[in-house]
Amino acid sequence: MISFIFSPVQIAPVVEVPLFCDLIKAGFPSPADDYSDSSLDFNEYLIKNRASTFIVRVQGDSMIGAGIDTGDLLVVDRSIRPETGRIVIAVVDGEFTVKRLHRELGRWCLLPENPDYPVIEIGDETDFQVWGVVTHAIHSFL
Amino acid sequence: MKYALVDCNTFYASCEKVFRPDLKNKPVIVLSNNDGCVVAMSREAKALGIPRGIPLFKVESHIKKYDIAVFSSNYTLYHDLSSRVMNILRNFASELEIYSIDEAFLILGGESQDDIARLIRGTVMTWTGIPVSVGIGPTKTLAKAANKVAKKRPEGYFDFSSSDSRLFLKELEVGDIWGIGRQYQAFLNRNGIFTALQLTQQSDSWVKKNLTMVGLRTKWELEGKPSIDMEQAPPPKKGILSSKSFSYPVTDLLDLMEAAADYGTTATEKLRKQKSVCRYVNISVSTNYFRQGDRQYSNAATIELAVPSAYPPDIISAARRGLEQIYRKGFKYKKITVYLTGIEDENRGQLDLFLKEDPRKYRVMESVDRINRKYGRNTVNCMNIRETSHWQMKREQLSPRYTTNWNELPLISAG
Numbered sequence: 001m002i003s004f005i006f007s008p009v010q011i012a013p014v015v016e017v018p019l020f021c022d023l024i025k026a027g028f029p030s031p032a033d034d035y036s037d038s039s040l041d042f043n044e045y046l047i048k049n050r051a052s053t054f055i056v057r058v059q060g061d062s063m064i065g066a067g068i069d070t071g072d073l074l075v076v077d078r079s080i081r082p083e084t085g086r087i088v089i090a091v092v093d094g095e096f097t098v099k100r101l102h103r104e105l106g107r108w109c110l111l112p113e114n115p116d117y118p119v120i121e122i123g124d125e126t127d128f129q130v131w132g133v134v135t136h137a138i139h140s141f142l
Numbered sequence: 001m002k003y004a005l006v007d008c009n010t011f012y013a014s015c016e017k018v019f020r021p022d023l024k025n026k027p028v029i030v031l032s033n034n035d036g037c038v039v040a041m042s043r044e045a046k047a048l049g050i051p052r053g054i055p056l057f058k059v060e061s062h063i064k065k066y067d068i069a070v071f072s073s074n075y076t077l078y079h080d081l082s083s084r085v086m087n088i089l090r091n092f093a094s095e096l097e098i099y100s101i102d103e104a105f106l107i108l109g110g111e112s113q114d115d116i117a118r119l120i121r122g123t124v125m126t127w128t129g130i131p132v133s134v135g136i137g138p139t140k141t142l143a144k145a146a147n148k149v150a151k152k153r154p155e156g157y158f159d160f161s162s163s164d165s166r167l168f169l170k171e172l173e174v175g176d177i178w179g180i181g182r183q184y185q186a187f188l189n190r191n192g193i194f195t196a197l198q199l200t201q202q203s204d205s206w207v208k209k210n211l212t213m214v215g216l217r218t219k220w221e222l223e224g225k226p227s228i229d230m231e232q233a234p235p236p237k238k239g240i241l242s243s244k245s246f247s248y249p250v251t252d253l254l255d256l257m258e259a260a261a262d263y264g265t266t267a268t269e270k271l272r273k274q275k276s277v278c279r280y281v282n283i284s285v286s287t288n289y290f291r292q293g294d295r296q297y298s299n300a301a302t303i304e305l306a307v308p309s310a311y312p313p314d315i316i317s318a319a320r321r322g323l324e325q326i327y328r329k330g331f332k333y334k335k336i337t338v339y340l341t342g343i344e345d346e347n348r349g350q351l352d353l354f355l356k357e358d359p360r361k362y363r364v365m366e367s368v369d370r371i372n373r374k375y376g377r378n379t380v381n382c383m384n385i386r387e388t389s390h391w392q393m394k395r396e397q398l399s400p401r402y403t404t405n406w407n408e409l410p411l412i413s414a415g
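In order, the protein sequences belong to chains A and B.
Read left to right, the first sequence gives residues 1 to 142 (full-length UniProt numbering).
Read left to right, the second sequence gives residues 1 to 415 (full-length UniProt numbering).
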């Protein structure tokens, strides 16, 4: 159980990758360790706002054109404004879906990035809500 | 200076709804440990008239009839969302007191109160999906009372200073005042005091005599004079208890031993978290007194440790020794409790003893705690839990740990 009232959830274990500022020349014994700068932390890169960031998993290929495939992880930040052009997690009639948000002629719609799927038009009757804005997709090659 | 009390609305049910948009506007109930009783309800479930605490089997027909979504309590999820909410609140407060998993007191800065209440509500809702209500007042007690009003308003917040304070206090029943509670309510009512206004009309000496200093501070707070401090760190506990009821009757000593080891481990985790050691381990077992026809038995044993400790093997072996003393064959056990007492500060000389005894123990526990914090509870433990243990909790309706477990992330359809 990871439970600290005062610290937000560890979304991922901190992975430390040392960043070397100096070039290491081949054939020249470089004491590179002496020049190691601060470590790279993927949390810092992927998560701007811990309290509002959630990780979800994708099922389906309707966003393949945007580089989002089935099984990929998405970093979702609920504190970012959903604007036209952004990829969002939306709720349409009680179901989650990931699509690109688009506004045209005063109407919202959800665009897939795969010609096999239809555009979802948001009518006045549609129960529609943006749950969060996708900031990164994490695709594993293994 | 102004105080705010921010309270998450129907918190457990709201947590379950964050990742289940299909349950929007639907009744949701959350069950106690072992799926025994209803401990929390969404607004819609409350509207169906389900009383809190009712055993699950008594609402089965309601569940079918109204299509109520039922969840086992998922404390991992609630805890994560709670810590997110608290971290957001920290941005709005010069001081924050986390009062419970779903409530916090804030000391607000100088901004316009309506604006800040709206901003707090909007931010928490947008960032986490959890609805909150905000009560604002010149003292903690009045902020808490204002929150009760806020809950009933569509805008979800209420500022005490925006009301006629006499009318406000007249409408606040004494039993509803924070810190007065039901035990004093009967006494006050017998003395003709039914409202907060009437309480403030009593003399300080009368209140102090009959309701102690705590009651007098409450009276001052109702008068708008801050008299209850913000508590930013909870005081260390004097006794630490870990107890559970079994979902099925347990008869086997081995099962009880495992349960004792598990609860002993949980209790020592709490002990180390507050940097304490304990001297006594009390273990008790009991059968189910509500099952008529069963033979009943309960007993307890207290074992004194040679050296005060927070080292799980010490506590577990003491608990097991105690259990061997009190275990009787042929009973159907319902409940086991491990209670640690004689708690002392680990630095008050006892740590030296602890270290002198075996310094490696301390280092082992530091590593174990770190591993378990990182990879989850019971990644490393001091017992062998069998897959088929009978004593483990019944949690048949458990939702995924959406935010803390890689294997249980929300699935989003790209279809």
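Quick caveat, the hints were computed from the structure, so don't treat them as lab data.
Note that the structure is a prediction, hence the values are computed from the model and not measured.
Just so you know, even glycine gets a beta-carbon here, dropped at the ideal spot from N, CA and C.
Among these hints, one or two may not hold up.
[Said to hold, decoys possible] Simulated restraints on C-beta separations:
| no. | chain 1 | residue 1 | chain 2 | residue 2 | range |
| --- | --- | --- | --- | --- | --- |
| 1 | A | Glu125 | B | Ser243 | 47 to 55 Å |
| 2 | B | Arg395 | A | Ile64 | 32 to 40 Å |
| 3 | B | Lys275 | A | Ile138 | 51 to 59 Å |
| 4 | B | Ser243 | A | Ile64 | 46 to 54 Å |
| 5 | A | Ser79 | B | Asn9 | 18 to 26 Å |
| 6 | B | Arg370 | A | Gly67 | 50 to 58 Å |
| 7 | A | Ser79 | B | Gln296 | 21 to 29 Å |
| 8 | A | Asp93 | B | Tyr280 | 54 to 62 Å |
| 9 | A | Gly106 | B | Glu408 | 51 to 59 Å |
| 10 | B | Gly53 | A | Leu142 | 46 to 54 Å |
| 11 | A | Asp116 | B | Val364 | 33 to 41 Å |
| 12 | A | Glu83 | B | Asp229 | 41 to 49 Å |
| 13 | A | Leu142 | B | Ser61 | 35 to 43 Å |
Here is what the structure says about each hint:
no.: 1; hint: Glu125(A) - Ser243(B): 47 to 55 Å; verdict: holds (52 Å)
no.: 2; hint: Arg395(B) - Ile64(A): 32 to 40 Å; verdict: holds (38 Å)
no.: 3; hint: Lys275(B) - Ile138(A): 51 to 59 Å; verdict: violated (38 Å)
no.: 4; hint: Ser243(B) - Ile64(A): 46 to 54 Å; verdict: holds (52 Å)
no.: 5; hint: Ser79(A) - Asn9(B): 18 to 26 Å; verdict: holds (20 Å)
no.: 6; hint: Arg370(B) - Gly67(A): 50 to 58 Å; verdict: violated (36 Å)
no.: 7; hint: Ser79(A) - Gln296(B): 21 to 29 Å; verdict: violated (56 Å)
no.: 8; hint: Asp93(A) - Tyr280(B): 54 to 62 Å; verdict: holds (58 Å)
no.: 9; hint: Gly106(A) - Glu408(B): 51 to 59 Å; verdict: violated (40 Å)
no.: 10; hint: Gly53(B) - Leu142(A): 46 to 54 Å; verdict: holds (50 Å)
no.: 11; hint: Asp116(A) - Val364(B): 33 to 41 Å; verdict: violated (57 Å)
no.: 12; hint: Glu83(A) - Asp229(B): 41 to 49 Å; verdict: holds (45 Å)
no.: 13; hint: Leu142(A) - Ser61(B): 35 to 43 Å; verdict: violated (51 Å)
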